[in-house]
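The whole structure should be built from the sequences, with the hints applied where relevant.
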Amino acid sequence: MLSRLTERLKYFIYELEKDWQIGVATAPVSSYLSGGPLPAIHWLSSPRGVMWADPFGVERDGRFYIFYEEMVYTKNKGTINCIILDKQYREIERKVIMDEPYHMSYPYLIQHDGVDYMLPETCGADKLTLYRSVKWPYEWKEEKVLLNTPCIDTVLFHQAGYWWLIYTKKGERDGNEVYYIRRNTDMMGGWETCAEQRVDGGRYNSRSGGSVFEAGGRLYRVTQNCTDSYGQSLVINEIKDLTEGSYREEAVLEVINPSPDSYGFHTISAMGQLSLVDCRWERRFAKSAGQVVQGLLKKVTG
Numbered sequence: 000m001l002s003r004l005t006e007r008l009k010y011f012i013y014e015l016e017k018d019w020q021i022g023v024a025t026a027p028v029s030s031y032l033s034g035g036p037l038p039a040i041h042w043l044s045s046p047r048g049v050m051w052a053d054p055f056g057v058e059r060d061g062r063f064y065i066f067y068e069e070m071v072y073t074k075n076k077g078t079i080n081c082i083i084l085d086k087q088y089r090e091i092e093r094k095v096i097m098d099e100p101y102h103m104s105y106p107y108l109i110q111h112d113g114v115d116y117m118l119p120e121t122c123g124a125d126k127l128t129l130y131r132s133v134k135w136p137y138e139w140k141e142e143k144v145l146l147n148t149p150c151i152d153t154v155l156f157h158q159a160g161y162w163w164l165i166y167t168k169k170g171e172r173d174g175n176e177v178y179y180i181r182r183n184t185d186m187m188g189g190w191e192t193c194a195e196q197r198v199d200g201g202r203y204n205s206r207s208g209g210s211v212f213e214a215g216g217r218l219y220r221v222t223q224n225c226t227d228s229y230g231q232s233l234v235i236n237e238i239k240d241l242t243e244g245s246y247r248e249e250a251v252l253e254v255i256n257p258s259p260d261s262y263g264f265h266t267i268s269a270m271g272q273l274s275l276v277d278c279r280w281e282r283r284f285a286k287s288a289g290q291v292v293q294g295l296l297k298k299v300t301g
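Numbering that gives the first Met the number 0 puts the first residue of the sequence shown at 0, with every later residue one more than the last.
FYI, nobody ran anything at the bench for these hints, they're computed from the structure.
Treat the hints loosely; a few may be bogus.
Simulated crosslink set (DSS-like; lysine-lysine; CA at most 30 Å straight-line) [said to hold, decoys possible]:
| id | residue 1 | residue 2 |
| --- | --- | --- |
| 1 | LYS17 | LYS86 |
| 2 | LYS86 | LYS143 |
| 3 | LYS74 | LYS140 |
| 4 | LYS94 | LYS74 |
| 5 | LYS76 | LYS143 |
| 6 | LYS86 | LYS126 |
| 7 | LYS17 | LYS94 |
| 8 | LYS126 | LYS76 |
| 9 | LYS143 | LYS168 |
Here it is in structure tokens:
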């Protein structure tokens, strides 16, 4: 009875927002394979009315550079942002670095031959575009359109002598149930002519949710579990076969929300000896006294 009353009162006292927020976890991405308690997480709080999600980052020159999606709810369109933290996880600076007419998210990072690249989701433009850093960390240039396909949450990695693309597609079962694989000897070109393997993985472990990483001589891909709701938890899958046309992976374990107060968990990405995560939280913002009184009067008078 008391708990129900408390739950009802919070709607009179607070404005509530369920927002994705990003955090720095104090252990490498491989540590999640143990299945034990999650590491300590330093959460970064976005401004009110703003969501932060899909974090990917690097540690460089004694600083953490974290790239992520920012969604301002009044604009209803994602941009790619960068926040710089010091070793104590204190903010040094943050900026919007990519703002296109279409939605952008999932800024997957690749370093190749000493050059930094980013492969953000740009499915709203019906294409997959690779960007190159021209002035770290804020200036990026469009390097190459890899596919004229509305790819969702794409990962790009090099293994066994080939480059591999894994993605889902906009408009095909919400982008959550079927994923596609292509392999290529060239990171930059020729992807349209590469054979595309289709895998009906289901809602449990199709859509990527973070890094592809190595641990103990094995290769893993993080995916989102969307069985009951979008981004409800994460699944770590071991990649078992990288043969062209017969790519195969197996689920190893599910990583559930780090807190009973969170409503979703859909990214784990590598950042050296640390990792980056995001969760969907219910955030509370206190109403003014006038708003509280007005709400109570409305309830009483019907």
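Verification of the hints:
Distance restraint check for LYS17 and LYS86: the Cα-Cα separation of roughly 29 Å lies within the 30 Å cut-off, and the hinted pair is therefore satisfied. Pair hint LYS86 plus LYS143 does not hold up; C-alpha atoms about 34 Å apart against a cutoff of 30 Å. Proposed proximity of LYS74 and LYS140 is supported: the alpha carbons are some 24 Å apart, at most 30 Å. At most 30 Å may separate the alpha-carbon atoms for a hinted pair to count; LYS94 and LYS74 meet this at roughly 17 Å.
In summary, the hint linking LYS76 to LYS143 is supported, as the alpha carbons are separated by about 23 Å, within the 30 Å threshold. Distance check on the hinted pair: LYS86 and LYS126 sit about 37 Å apart at the alpha-carbon level, beyond 30 Å; violated. Between the alpha carbons of LYS17 and LYS94 the distance comes to roughly 23 Å, so the proposed pair stays at or under 30 Å and holds. Between LYS126 and LYS76, the direct Cα distance comes to roughly 17 Å. Compliance with the 30 Å bound is thereby established for this hinted pair.
A C-alpha spacing of about 19 Å is found between LYS143 and LYS168, which places the hinted pair at or below 30 Å, so the restraint holds.
The structure does not agree with the numbered hints 2, 6 stated previously, though it agrees with the rest.
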